[in-house]
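Q: Protein sequences, first through last, are from chains E and H.
Using this note's numbering, you'd call the opening residue of the first sequence number 69 and step up by one each time.
Using this note's numbering, you'd call the opening residue of the second sequence number 5 and step up by one each time.
The set of hints was computed from the structure by calculation and includes no laboratory data.
Quick caveat, the model's predicted, so the values are computed rather than measured.
The beta-carbon is built from N, C-alpha and C at its ideal position, and this holds for glycine as well.
Here are some chain E residues pointing at chain H (derived, C-beta under 8 Å):
1) Ser109
2) Val229
3) His259
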Amino acid sequence: MCATCGCSPHLADHGHSLPHGEEHAHSHAAEPIRITRDASSVRLEHDVLARNDHLAGHNRAWLRARGIVALNLVSSPGAGKTTLLERTLRDLAGEIPISVVEGDQETSRDAERIRAAGGRAIQVNTGTGCHLDARMIARAVAALAPPERSVLMIENVGNLVCPALFDLGEHAKVVIASVTEGDDKPLKYPHMFRASEVALLNKTDLLPHVEFALDRWVELARRVRPDIVVIPLSATRGDGLEAWYAWLRARISRGWLEVDRAEGPVS
Amino acid sequence: MHEVGITQEIVAIASERAGTAKVSRVVVEIGRLTAVLPDAVRFCFDLVAEGTPLEGAVLDIVEIEGRGRCLACLSEMILEQPFGRCTCGATEFEWLAGEELRIREMEVR
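Bound-form chain E, shown alone (with noise of 0.2 Å):
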């Protein structure tokens, strides 16, 4: 149907007999809707999330062109992201050149923790908004400007729904649980485990005081996502560290890999 008149060449008595053609007063050519049903019914098949889905696939370009490994990092308020965060800065530092956008719904205080442990950062205020969107970090980015062959930490509002919706363009997400929270997160939310390539289980060093049954949150982590790289750590004893590093210098190397064969052998 006519967006502009309301008028529709499929029905044959609708009170405006002029059929589509030169006597029409508009033009047609820019009719932003399609009849492909009936009369009034507009067929729109469109994804919810194209918007963010587009933007995002921006971002992922923008990154990996450069080498700049993006990690989603994700968790319940309170698991130890920015902890975790601060502890990665000050061990891999001289390493690896790691900056960080910092979402929260108020205040800049994790940012300037972050700065405190001497790294880049810039804080995103949601507000309202319960998770970091594409368009929030393409302008995080964009401020930021991490330098090429470098990682990019997007430390996510904490929240274990949401933020597994929106796709920023990240390699890839880390979830981060801890002790404190229970065993049984995983099938509690499980797209959030589900989306996850690694799952940071912390607060190890609180083990012995908590019922909280290691074997079991495993399992569940892999009955969500059966690939899912599982590692325990303390961020504040250092407990598991090192395998947290391990598994974050194996996937810059894969990022940096990508940009090496895209830039391909000088010939």
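On the provided structure of chain E, position chain H as indicated by the hints.
A: Positioned in the frame of chain E, the structure of chain H alone reads:
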């Protein structure tokens, strides 16, 4: 929580396509394996649609069942959650349906 944003996106996409027409009904497919709650989308739809071509429109949500094919024995099964275990014991699936989050169609007048 994110359903407000999802609903805004639905209204924005449909409004853009509607142009100057008024939308009387919009049909949205939501797969059971997405992390989107149909009730939460319904709850905020009227408010989000206010002042747009979708104001007063009926929101029809078609929920789509989750279906997967076992990668080990190739049998198909219904998935109630975004994970599962096949009768053969395997836990890896190719997801066939249930991840939809799509505006199927709309009616304009």
